[in-house]
Amino acid sequence: MATFSRRRLAAVALVAATALLSTTACGGGDDDDAGAGGPVTLTVDTFGQFGYEELYKEYMASHPDVKIVERGTGSNLDEYSPKLTQWLAAGKGAGDIVAIEEGLLVEYKANPQNFVNLLDHGAADLKGNFLDWKWNQGLTADGKQLIGLGTDVGGMAMCYRKDLFAKAGLPTERDQVSKLWPTWQDYIKVGEQFKAKNTGASFLDAATNTFNTILLQTAGNTSGYSYYDTNDNLVVDSNPAVKQAYDTTMDIIDSGLSGKYGSWSEEWVSAFKQSKFATIACPAWLTGVIEGNAGPAGKGKWDVADVPGDGGNWGGSFLAVPKQSKHQAEAIELVKFLTSAKGQIGAFKAKGALPSSPQALQDPAIVDSQNAYFSGAPVGKIFAAGAKDLKPVYMGPKNQAVRTEVENAVRTVELGQRSPEQGWTDAVTNAKKAAAK
Amino acid sequence: MAVQLDARPPVAPAPRTARPSRRHRLSRFDTKYSPYLYVAPFFLLFGVFGLYPLIYTFWVSLHDWDLLGTNPAFIGFDNYTALMGDPDFWHAVVNTLGIFVISTVPQLLLALWLANLLNRQLRARTTWRMAVLIPNVTSTAAVAIVFAVLFGREFGMINWLLDHVGIDAINWKANRFASWVAISTMVDWRWTGYNALIFLAAMQAIPRDLYESASIDGANRSRQFWSITVPLLKPTIVFAVIISTIGGLQLFTEPRLFNSGTNAIRGGPLRESQTVTMYMFENAFAPNYNFGYGSAVAWLLFALIAVVAAVNVLLLRRLGGGAGKEDT
Chain A
1 MATFSRRRLA AVALVAATAL LSTTACGGGD DDDAGAGGPV TLTVDTFGQF
51 GYEELYKEYM ASHPDVKIVE RGTGSNLDEY SPKLTQWLAA GKGAGDIVAI
101 EEGLLVEYKA NPQNFVNLLD HGAADLKGNF LDWKWNQGLT ADGKQLIGLG
151 TDVGGMAMCY RKDLFAKAGL PTERDQVSKL WPTWQDYIKV GEQFKAKNTG
201 ASFLDAATNT FNTILLQTAG NTSGYSYYDT NDNLVVDSNP AVKQAYDTTM
251 DIIDSGLSGK YGSWSEEWVS AFKQSKFATI ACPAWLTGVI EGNAGPAGKG
301 KWDVADVPGD GGNWGGSFLA VPKQSKHQAE AIELVKFLTS AKGQIGAFKA
351 KGALPSSPQA LQDPAIVDSQ NAYFSGAPVG KIFAAGAKDL KPVYMGPKNQ
401 AVRTEVENAV RTVELGQRSP EQGWTDAVTN AKKAAAK
Chain B
1001 MAVQLDARPP VAPAPRTARP SRRHRLSRFD TKYSPYLYVA PFFLLFGVFG
1051 LYPLIYTFWV SLHDWDLLGT NPAFIGFDNY TALMGDPDFW HAVVNTLGIF
1101 VISTVPQLLL ALWLANLLNR QLRARTTWRM AVLIPNVTST AAVAIVFAVL
1151 FGREFGMINW LLDHVGIDAI NWKANRFASW VAISTMVDWR WTGYNALIFL
1201 AAMQAIPRDL YESASIDGAN RSRQFWSITV PLLKPTIVFA VIISTIGGLQ
1251 LFTEPRLFNS GTNAIRGGPL RESQTVTMYM FENAFAPNYN FGYGSAVAWL
1301 LFALIAVVAA VNVLLLRRLG GGAGKEDT
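Residue numbers (this note's numbering), protein chains in the order written: chain A, 1 to 437; chain B, 1001 to 1328.
The set of hints was computed from the structure by calculation and includes no laboratory data. These numbers come from a predicted model, not from an experiment. Even for Gly, the Cβ is constructed at its ideal location relative to N, Cα and C. One should not assume that every hint holds.
[Said to hold, decoys possible] Listed next, the stretches of chain B that the computed footprint assigns to chain A, with coverage defined by at least 3 CB atoms under 8 Å from CB atoms of chain A:
| no. | region |
| --- | --- |
| 1 | 1067-1077 |
| 2 | 1150-1159 |
| 3 | 1197-1203 |
| 4 | 1211-1224 |
[Unchecked claim] Calculated lysine to aspartate or glutamate pairs in the EDC-like style (CA-CA distance at most 20 Å, straight line):
| no. | chain 1 | residue 1 | chain 2 | residue 2 |
| --- | --- | --- | --- | --- |
| 5 | A | Lys-109 | B | Asp-1066 |
| 6 | A | Lys-432 | B | Asp-1078 |
| 7 | A | Lys-276 | A | Glu-192 |
| 8 | A | Lys-197 | A | Glu-173 |
| 9 | A | Lys-437 | B | Glu-1154 |
| 10 | A | Lys-276 | B | Glu-1154 |
| 11 | A | Lys-162 | A | Asp-132 |
| 12 | A | Lys-92 | B | Asp-1078 |
| 13 | A | Lys-197 | A | Asp-254 |
| 14 | A | Lys-432 | B | Glu-1154 |
| 15 | A | Lys-195 | B | Asp-1088 |
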């Protein structure tokens, strides 16, 4: 009897172990919709605000066989990019369509084998739908593979709080505000006036965002590259654009204009809600983020003026199809739809993402658009005006890691942990270290 | 049911010539091998999810391995050599040890004290005992986010309270020691109750008559605690210390979520609260994607935990003096 029950127990244990092993082994599979001809579920991985909800509905209505699920909306890029990289490295887990920010695109372009070559699927015909430089950014170095089709570009403006400006006795009309700051030094002077009025708010959110804006603007207007030159040499300490942007940012910090709310942190989000700063350097895609962070209470209090200095581009993304997708053909169709002029206009209307399609940029839907949240500002006109002349900035292989180091150095100075000189030394040494990793 | 392996009577071996019956052979096989089958599931799972990753990580750490790249180059121990001279790594080690010490020491003392309180005659005893476990049931992420808000520089409640007693606002996230304290508070909030329950269980196993005779001899409560409870609890304390060491040195969620915003994985602009696991993540994944280097960090962390756990046990033996020999 004892023998029998012991044996039975062994059998149960074995069965249990096998069952456990096989379930874990299959845990990653999601083949529920792999059946031919059946409905197809397409997963789209994004971050921030892409504004695709209405477009999905429209697409699903005309394609009854396709169901679209979006993941990651509202998450920040810092959380999204490691996940995406892990999915690609593991060969499993990524959506059928993934959004890639331009700064990270260089990293992925170096390993193009992870993505479907869109040129093999008729994308070449779409070249005219995109600004030239946006199209070229999606190509690998040899020009033989197209990783992604462009979604938006990051034309620049300066978003500001009208109520806080009024409180400080500054003009509130956007045209007048734009005239206040033709250059960044003028912007600092306005900031000093603002600060003298003790409104209880800082002039700007954080020095890092402003630094990045100034850098991309300066680099775009001069060399066309920032941390890496076009031969992929690290030039953080020899490119005058970097040092110039750093020095201007130091002037901003010296004048005590920054609220020091680390960008994208919880404090930063709270500071939006509690009206703790008056201006923020504002690429087109940030308008959606401001609306999300400041909430309904901020409606009509924000407005959009020209950015100090001359134009510039920050960010913008691409949609790509990973090779691991089981529904590549369907995914490519959806990518083409979302990145078409029509799709880009839809995204702009929903979340303010500025189109990278020249046709869309000229479309009345964009040019005449007003943003109710930003006091009816003609955002289409403000952002689209500069978009066609945007000067893209080249990004090298370890751009993200290097940028992290330099921005952190700026942050340490902002927090008073380092002097501007020490900060610069840190920026250069740490950037070199990161680039060598 | 008890598996009595050696319960067979030491009878003289059966004559070789007699063919053992089928049933007998099966039973022999059963007693001989089925114990291995019983423990096999654990070792199978450990092999797949423990040993294999361990060895694979070591293999990866010997390569210059870009996470997305193909054909990683074998570079021997170069990653380890680089790591030995990497100030950021040692900075993270110091952070980890610092947070470990200032979280674990008060935590275990507090747990001991709590357990002692819960071991007394209390009204609604079970309610109290269950209540101390509630923080442990809460999700780490929720705890970390709430504490990160409490310890905010400008909008945090702690700084608001400090302001009321005339202390200047502390930038909890950009001050190395302050960030350690904040993270330790989080860890203690979560784990003190858990350890208290473990200590309580051990305390209940101590025979009552020891206390009775002690009180007849005139020992007061605190004397009883230090002379009876603590020495008899030593094996449990050793267990709690080792578990806390492993958990403390692998600390990730709390410090990661304590730092929000861009590059939170650095643990502050000057890496104030970056632990070793965070440094591993930073290197293996975003923004460096150097899988080989990250794996080397993981292996050194493994070594570090082994060393610290050994030191802890030795220290406890030493501190306990002669008492340590009783439980061997």
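> Honestly, which of those hints from before does the structure not fit?
Replying inline: Structure breaks hints 3, 4, 9, 11, 12, 14 and 15.
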